[in-house]
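Engineer: Line by line, the protein sequences are chains A and B.
Here the first sequence stands for residues -14 to 314, numbered as in this note's numbering.
Here the second sequence stands for residues -14 to 314, numbered as in this note's numbering.
Incorrect hints may have been included.
When chains are identical, the list treats them as one kind, so a pair holds in a single copy or across two.
[Said to hold, decoys possible] List of simulated lysine-lysine pairs, BS3-like, C-alpha gap at most 27 Å:
| hint | residue 1 | residue 2 |
| --- | --- | --- |
| 1 | K103 | K85 |
| 2 | K83 | K293 |
| 3 | K103 | K258 |
None of these hints come from the bench; they were simulated from the model.
Here the structure is a predicted model, which is why all the values come from computation and not from measurement.
There are 2 protein chains.
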Amino acid sequence: MIDQRISLPEHENIVAAARRLEGFARVTPMIESTTASAVCNAWVFLKAETLQHTGSFKFRGAFNLISQLSPEQKALGVVAYSSGNHAQAVAKVAQLSKIKATIVIPSDAPQIKIQSTKNFGAEVVLYDRAKDSREDIAASIVDDSGATLVPPYDHFDTIAGQGTVGLEIVDQLRVLNQSPDAVLVPCSGGGLIAGTAIAIKQNFPDTEIFSVEPEGFDDTARSLASGERETTAPNAKSICDALLVPTLGQLTFSINKRLLDGGITVTDTEVKKAMRFAYMHEKLVVEPGGAVALAALLNDKNNVFAGKTVVAVLSGGNVDPATFGAAIS
Amino acid sequence: MIDQRISLPEHENIVAAARRLEGFARVTPMIESTTASAVCNAWVFLKAETLQHTGSFKFRGAFNLISQLSPEQKALGVVAYSSGNHAQAVAKVAQLSKIKATIVIPSDAPQIKIQSTKNFGAEVVLYDRAKDSREDIAASIVDDSGATLVPPYDHFDTIAGQGTVGLEIVDQLRVLNQSPDAVLVPCSGGGLIAGTAIAIKQNFPDTEIFSVEPEGFDDTARSLASGERETTAPNAKSICDALLVPTLGQLTFSINKRLLDGGITVTDTEVKKAMRFAYMHEKLVVEPGGAVALAALLNDKNNVFAGKTVVAVLSGGNVDPATFGAAIS
């Protein structure tokens, strides 16, 4: 069994995750965007996790967890629930590890995410986001099969794996003899930003870390302000299909309330403009949820980031052609 | 004055170009495409020059030439004619060098290329591809202004600059202790493939180099077969707007007939499929002309590349949203 530690991952656990990922995950490029720098009057770097295996950072956490399973656990397979990016990541890691994966995905997820998960050889179970509980469906599969659940964000090894994004940001800026003034990270369950914040703050204690969320799904921003885990309104809507979790995790909030410096919210219109910007100027395909940090930078109305060295994480690039075509036109 | 050498660039000239480009051009990622590898039953790497400054490899040659101009030459500015990618590159390098650029572009070039050239501060002169001679227009500007012409491909320094793509491929494969069996390169005027071939063959003499051209613009393939410089039919059409030069250069052909191992031709339909493939699986924006080498790999009907280690250069990513949206849908 995986050790169900209630302790929180620390920097050394992220370093250990990076060692496990070496040769399996891609070290993704950090792109100095001269065009975004000009727009923002800042020095802007884009961490392109869109170019990670399966098109999002989720490969890192999934690999870090699954690679530590025992042979007995692997023989029984893995289960995950996901809006689509974690789904593809778990499916791909299971394929690499030659083990069975069953993935619970909402039926209204982008087709590219559902199809890609199937292409990686996983069994896909669709559910109705309005009526069904994905946690219950996954728990029932675990009960029946003995498979191991791979949680999308609220798990020691998932957070440590995602934190390797932060380690790479540190390494890639150190080559330039720079430290960032701010790092902006897309946020929903909070695993990516929690792990990234641990890695960044350990190395650059003065760097500010900001979560970025879509309007209506600003539970992290409100939780940071109130000090309690807040939830989103059940009728909220956003094009950011990857960021629709109703509330951030317990472990992730324990980390984020300690390490984050604030939460920023962006509109769907701002997100689409950021997708178009990344297409036009950086030739990168970024999905709506993956573009929120760039959107926050490009819409920095109060000039919070002017004159600063800023990193925006582009967390994923899995978007249906029609959605992408509409955003860039 | 630039030395108008009629000698051909050699490996040492490409190494010198790489030194000039250091800190100015991006070292672009070489992406191991597990999906393309599965489709082709090969080990496929994609050299993503789409992520170069200005969205194509052309930045390299333009920088290598312009950075060697004397202060007196720089004071008089530069002139270029181009279907759009060389245009943006010269405009951007001129902007970085704080010198004036005048660029001659066909009026039917993609809007993204014309607009981006203007955004980099260049003066744009549009011409009618069917009626006007771009060489004559550029020569007249040179006569009037004393500006230096920056040739798009048939120049010692342009070829040497583009060759740094090949040097990076060598370095990036050596890290993996690999040498490629084949390298596929988009080809029109032939500067990119000429420089790349010099760098690759110097380091990996057994690697085969193939030009890839759109159907109807296979002048390099036919020239390699006949041993003479062939031209394309005047009524030929292709969506690959970057690859419509009617015949390859004199310098480039002198190099290419010695170093290339063959020419491959792809259809517009195959090109659009490759653009969609890069979008779906690698989250990269690739323009039609930039996707021909990948198209050749994905349509390897005779299994020429099966079982081999193959690099395909993605040479550019400047494509209008409507064209891109149609290709990926």
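Engineer: Of all the hints numbered above, which does this structure not satisfy? Sort the numbers upward.
Structural biologist: Hints that this structure does not satisfy do not exist here, as all of them hold.
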